[in-house]
Amino acid sequence: MVHYLGGRLWQSIVLLLLVSVIGFALLHLAPGGPLSQFTLTPGMTQAQMTHLAAQMGLDRPLPIQYLDWLWHLLQGDWGRSYRDNRPVAQVIFGHLGATLLLMVSGMAISLSIGVYVGIKSAINRGSFFDYMTTVGSMIALSIPTFWFGLIAIYLFSVKLGWLPAGNMYTIGNGSLLDYARHLILPASVLGLVDVATWSRYMRTATLEVIHQDFVRTARAKGLSHGRILRRHVIGNALLPMVTLAGMQLPAMLGGALVAETVFTWPGMGRLFRDSLGYSDYPVVMGLLMFSAILVLVGSLVTDLLAAVIDPRIRLG
Amino acid sequence: MTDRPLGSFATLSRRQALTLLGATAASVALAAHAGSAAAAMPKTVKGQLTIAFSQEPTVFNPHLLHIEVDEGIHFSIFNPLFGIDENGKFTPALALDVPTVENGGISADGLHWHVKLRDDVQWHDGKPFTAEDVKFTLELLVDPAFRSWRRAGHDLVRDLTVVSPTEITWRLEKPYAPYASILASTFIVPKHAFDGVADKNNASFNNAPIGTGPYKWAERVAGDHILLTANTDYFGAGPHLEQVIYKYVPDLTVLYTQFKTGDVDVTGLQWITPDHYDEAKTLPGKIVQVVPGATIESLTFNMERPQFKELAVRQALYAALDKATIIEALYYGLPKPAESYMPQESFYYNPDLPKHVFDLDKAKALLDGAGWKPGADGIRAKNGIKLSFTNSTTAGNHIREQVQQYIQQNLKSIGIEMTISNLPPAVMWGDYWMLSKFDSVIVGLDFVTGDPDTSDFFLSGASPAKGGGGQNTWQYVNPEVDKLLMQGASSFKPEERKVAYLKIQELIRADLPFLPMFQFATVRGRAQDVKGFTPNVNTRIDSWNIGDWSRG
Numbered sequence: 533m534v535h536y537l538g539g540r541l542w543q544s545i546v547l548l549l550l551v552s553v554i555g556f557a558l559l560h561l562a563p564g565g566p567l568s569q570f571t572l573t574p575g576m577t578q579a580q581m582t583h584l585a586a587q588m589g590l591d592r593p594l595p596i597q598y599l600d601w602l603w604h605l606l607q608g609d610w611g612r613s614y615r616d617n618r619p620v621a622q623v624i625f626g627h628l629g630a631t632l633l634l635m636v637s638g639m640a641i642s643l644s645i646g647v648y649v650g651i652k653s654a655i656n657r658g659s660f661f662d663y664m665t666t667v668g669s670m671i672a673l674s675i676p677t678f679w680f681g682l683i684a685i686y687l688f689s690v691k692l693g694w695l696p697a698g699n700m701y702t703i704g705n706g707s708l709l710d711y712a713r714h715l716i717l718p719a720s721v722l723g724l725v726d727v728a729t730w731s732r733y734m735r736t737a738t739l740e741v742i743h744q745d746f747v748r749t750a751r752a753k754g755l756s757h758g759r760i761l762r763r764h765v766i767g768n769a770l771l772p773m774v775t776l777a778g779m780q781l782p783a784m785l786g787g788a789l790v791a792e793t794v795f796t797w798p799g800m801g802r803l804f805r806d807s808l809g810y811s812d813y814p815v816v817m818g819l820l821m822f823s824a825i826l827v828l829v830g831s832l833v834t835d836l837l838a839a840v841i842d843p844r845i846r847l848g
Numbered sequence: 096m097t098d099r100p101l102g103s104f105a106t107l108s109r110r111q112a113l114t115l116l117g118a119t120a121a122s123v124a125l126a127a128h129a130g131s132a133a134a135a136m137p138k139t140v141k142g143q144l145t146i147a148f149s150q151e152p153t154v155f156n157p158h159l160l161h162i163e164v165d166e167g168i169h170f171s172i173f174n175p176l177f178g179i180d181e182n183g184k185f186t187p188a189l190a191l192d193v194p195t196v197e198n199g200g201i202s203a204d205g206l207h208w209h210v211k212l213r214d215d216v217q218w219h220d221g222k223p224f225t226a227e228d229v230k231f232t233l234e235l236l237v238d239p240a241f242r243s244w245r246r247a248g249h250d251l252v253r254d255l256t257v258v259s260p261t262e263i264t265w266r267l268e269k270p271y272a273p274y275a276s277i278l279a280s281t282f283i284v285p286k287h288a289f290d291g292v293a294d295k296n297n298a299s300f301n302n303a304p305i306g307t308g309p310y311k312w313a314e315r316v317a318g319d320h321i322l323l324t325a326n327t328d329y330f331g332a333g334p335h336l337e338q339v340i341y342k343y344v345p346d347l348t349v350l351y352t353q354f355k356t357g358d359v360d361v362t363g364l365q366w367i368t369p370d371h372y373d374e375a376k377t378l379p380g381k382i383v384q385v386v387p388g389a390t391i392e393s394l395t396f397n398m399e400r401p402q403f404k405e406l407a408v409r410q411a412l413y414a415a416l417d418k419a420t421i422i423e424a425l426y427y428g429l430p431k432p433a434e435s436y437m438p439q440e441s442f443y444y445n446p447d448l449p450k451h452v453f454d455l456d457k458a459k460a461l462l463d464g465a466g467w468k469p470g471a472d473g474i475r476a477k478n479g480i481k482l483s484f485t486n487s488t489t490a491g492n493h494i495r496e497q498v499q500q501y502i503q504q505n506l507k508s509i510g511i512e513m514t515i516s517n518l519p520p521a522v523m524w525g526d527y528w529m530l531s532k533f534d535s536v537i538v539g540l541d542f543v544t545g546d547p548d549t550s551d552f553f554l555s556g557a558s559p560a561k562g563g564g565g566q567n568t569w570q571y572v573n574p575e576v577d578k579l580l581m582q583g584a585s586s587f588k589p590e591e592r593k594v595a596y597l598k599i600q601e602l603i604r605a606d607l608p609f610l611p612m613f614q615f616a617t618v619r620g621r622a623q624d625v626k627g628f629t630p631n632v633n634t635r636i637d638s639w640n641i642g643d644w645s646r647g
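Residue numbers (this note's numbering), protein chains in the order written: chain R, 533 to 848; chain V, 96 to 647.
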C-alpha cells in the first residue's frame, strides 16, 4: 500500500510539473497580456508601459518568469493577483465556498433523482416510464444551461415572484433560510441538467448487475423483490458511480460557470473566466494548479474508495 | 456596447480648463459656502441602493492601475481637491476654492500653483486631513516603485511644498492647462495609511480604503459585491443613503432582468443593451433615459497607405457612408450623427462643421474627377494602386460586423473593394492598432473626457509607428493642427483655448483622417424613487456624484 501511494505521488509530481509548464507557456504566449487593457488609459505613455512591465517582471525571459513562479510556489507563495492585489490563495479560497455550496447542492439533486430514475427504468425496462425518462434525459441534456436558467428566472422570479432572480444571499440578511431560498433555483437548474447523465449511467449499471448470477441465485433463494434490490443490486450498481463522482470533482470547479453567470453566483467558474479576461496570470496559474491537484486527489481517492467498497479490487 | 479599445477612457475634464480661468470666482466661493453650511447640519440618511456593474471593481486604491468601473468606488470613498460637474465646471471639494489665474491660485504664466484646503475634513478613521496628504498623493503618483495608473501631468510637478496644514504650493515645469482636469480626477489618499509600509503596491489600505468621501468602506465579498455605509461626518452635502451596494452582475441580460425584478436599483456600466430599450421604456416604476457618452465611433484610416493619401478618396468614402441607415437599422436610433471627435455636450464642441450627406453619385464623381478609374475587375485604380483595402475591428462585435458588411456593399457599388478582417480584442487593440498595422479600422474612442486637449491623438509626433508616444495611429500630419494643439495646451483661458479647439475640429473635419460616424448614446435605467442621478460626460462613471443621491 505504501509502495503504491509512493508511486502515485511520484507520478503526480511529474504530471503537475508538466501541467504547469504547458499552462504557463500557453498563457503567456497568448496575445495581449495583463497590461494591454491599460494602453488606452488617459495619459498612459509607452514609457510608462515599459516601466510597468519591468515592475511586474513581465519583461524577463519566459523560462526565468516560470522558474521564479515555481520557486515561490514551492515555498507556499502563490503570488498576488494583478487585478485584485490580494494573495492568490486568498482569492481562490474566497470563491471556493460559493462554488462548493452550489455544486454539492446541484449534485445532491442530480444524484438522488438520477439514481432513482436510473434504477426504476432499469428494472422496468421498456416500460412507459423508461421510455419517457429516456426521452426526457435527452431533452434535458440538450437544453443549454444558460437558456434554462433564464427561463427559470423568468418564470419563478419575474412572473411568479416566488424566488430571487439570482445572488447567493440578500446583502445584510444572510440567514440560513435566505441562503436556502437563493439556492433553490440555481441548484435545481444545475441539478436537473445533470439528472440525465446520472440516470443513464445508473440505468446501465443496474441492468448489468440485474443479469449477474448472484442476483439470479438470490431470486432462486426466494428473496423478495425489494430485498434483492436493496441488498444485492443497488450496492453493486453504485460502485461505478463512486468512480464517476470522483472524476466529477474537478469538473465541479469549472462546470458551474454558466449557472454562476446566470444566477450571479460569486464562484470559481466566474473567477476563472474573469482572470483569463484580464490576463491575471498568477490567479489563472493558481486555479490551474489547484484543479490539477484536485483531479489527482480525486482519482486517488476514488481508487482507494473503490478498494474499500469492493474487496475484489486490490491496490499495489 | 462599444468595445472600444481596451479602456478608452479618459481622464477627467476637458472643460475644466474653463473654469480654471475662473470664470467663476464668485460661484466657487458660494459653493464652498454652501458646503460648509451643509456640514454643520445633522445628516439624515435613509434607505439603501444597489448599483450593478457588469465588470467587477477590484482596485480600491485610486492610484493603482485600474479600469473605468473601479472609479465608481473611488468617487464614493474619496474626494479630489476639486471635481468637475456635468457642465464642465470645476467645483471645490477638499480645496477651499478652485485655483484660477483670477483668484491668484495659479500664477499668470501658469507655472505656480497655490491651493488652500478645507480645515474641517476628517478621514474615515477620524484622523484630520491636511496638506501632507495632498503632498503624499502627488508624490505617490510618480513614485518609481509604485504601479501608478497615471504619471503624465503629475511628472511636471516640482517643488511641492506644504506651507501650512491647509496650504500647499507647487511649480509646474511648463505651463500645462490640462493639469487642472487631471487634478479633478486625482483622489487624495491618506498619508498615515502608508506609514511604515515598505511596498505601497501591497498596502493593506488597497483592500480596505480610507477616504474623506460621502461613503465609507464596509465590506467586500469578492466576485459579488461591495458594501459602503454613509459617512455621517462628511464635510459636504450628503450622503443621504444609509448604504450603497455595488453589485457585480457579469451578464447584461441578467443585469437587465435583475433591474426588472427590483434586485438592482440602478443599471451601472454597461447599462441596458439597446435591444432592450423599447421594453425598458414601458417598465412601471422605472426611469429609463438615453444618455450621450463621450465615445465617438469612426471609420479610421491609416494615412500612410497609398490608397488613402489623396483627400478626394477620403471624401468619396465619406460621401458613400450611409450613417442614417447604420444608426437607425443597427443601433436602434440611439446614437447621434457626429462630424467631430468632440462630444456635443462639450463647451469646446464646434457646431458649425459641414454636415455630411450620403450621396453615392457624388462619391463616384469625386473618384472619377481624381482619376480613379474602374479596371477590368470593376475595382478603381490609379497609377497602379488599387482602391482596395481591409477593414478591421474587434471580432465578435456583431453590430459592428453588420456595419462593415453594409459599408462593404455600398463601396462595392462604386468600385471600391473593402475586405473585412477582424481580430480578437487583445490582438486588435495591441500592436496592430498602436503601431498602425491596419488599413482601416472601425473604432469607438473617447478623445476627450474633461480637458479638450487631444495632442495624444493628433500631434504629428504622437504616432507610435514613427517612434512617437501618443496614439496618433492614423499617422495624421498637419503642421497647423500641431501649432494649435500646443497653443491650446499652454493657455489657461478657456475662451482663448476654445478658439484653438474650434479651428482644430474644422481642420480635421476637412482633412478626414477618420470618418466620424456617430456619438454613442447608452440606455440608463434607475428606480423611480432614486434622486440625484445626473449624467456627466466629463467623468467616466455615473456615480460621480453619489453623495447627492437619495431615495424617496
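Since the hints were made in silico from the structure, they are not lab data. In this text the structure is predicted, and so the values were computed from the model without any measurement. Keep in mind that a hint or two might mislead.
[Stated by the list, open to error] Under the rule of at most 30 Å between Cα atoms (straight-line distance), these lysine-lysine pairs were calculated in the DSS-like manner:
id	chain 1	residue 1	chain 2	residue 2
1	V	K626	R	K691
2	V	K376	V	K431
3	R	K691	V	K355
4	V	K532	V	K588
5	V	K507	V	K431
6	V	K468	V	K431
7	R	K691	V	K376
8	V	K418	V	K450
9	V	K598	V	K418
10	V	K355	V	K404
11	R	K691	V	K381
12	V	K211	V	K230
[To be verified] Covered by chain R, per the in silico footprint, the following chain V stretches (three or more residues, Cβ under 8 Å):
id	region
13	394 to 405
14	488 to 500
15	598 to 611
Ideal Cβ positions, reconstructed from N, Cα and C, are used throughout, including at glycine.
Here is how each hint holds up against the structure:
Of the pairs offered as hints, the one joining V:K626 and R:K691 holds, with about 28 Å between alpha carbons and a cut-off of 30 Å not exceeded. Taking the CA atoms of V:K376 and V:K431, the gap is about 19 Å. The hint holds against a cut of 30 Å. For a cut-off of 30 Å, the pair hint linking R:K691 to V:K355 stands: about 11 Å separates their Cα positions. The suggested pairing of V:K532 with V:K588 is violated, with an alpha-carbon distance near 39 Å, which exceeds 30 Å.
The hinted pair formed by V:K507 and V:K431 meets the criterion: a straight-line CA distance of about 26 Å does not exceed 30 Å. Taken as a hint, the V:K468 and V:K431 pair is broken in the structure, with Cα atoms around 35 Å apart against an allowance of 30 Å. Distance restraint check for R:K691 and V:K376: the Cα-Cα separation of roughly 18 Å lies within the 30 Å cut-off, and the hinted pair is therefore satisfied. Among the hinted pairs, V:K418 with V:K450 is consistent with the structure: their alpha-carbon atoms are about 12 Å apart, no more than 30 Å.
Between V:K598 and V:K418, the direct Cα distance comes to roughly 24 Å. Compliance with the 30 Å bound is thereby established for this hinted pair. Between V:K355 and V:K404, the direct Cα distance comes to roughly 51 Å. Violation of the 30 Å bound is thereby established for this hinted pair. For the hint linking R:K691 to V:K381, the alpha-carbon distance of about 17 Å falls within 30 Å, and the restraint holds. About 13 Å separates the Cα atoms of V:K211 and V:K230, which keeps this hinted pair within 30 Å; it holds.
With a cut-off of 8 Å between beta carbons, the region 394 to 405 of chain V has 0 residues touching chain R; three or more are needed, and the interface restraint is violated. Here's how the region 488 to 500 of chain V fares: 0 of its residues keep a CB closer than 8 Å to some CB of chain R, so the rule of at least three is not met and the hint is violated. Here's how the region 598 to 611 of chain V fares: 0 of its residues keep a CB closer than 8 Å to some CB of chain R, so the rule of at least three is not met and the hint is violated.
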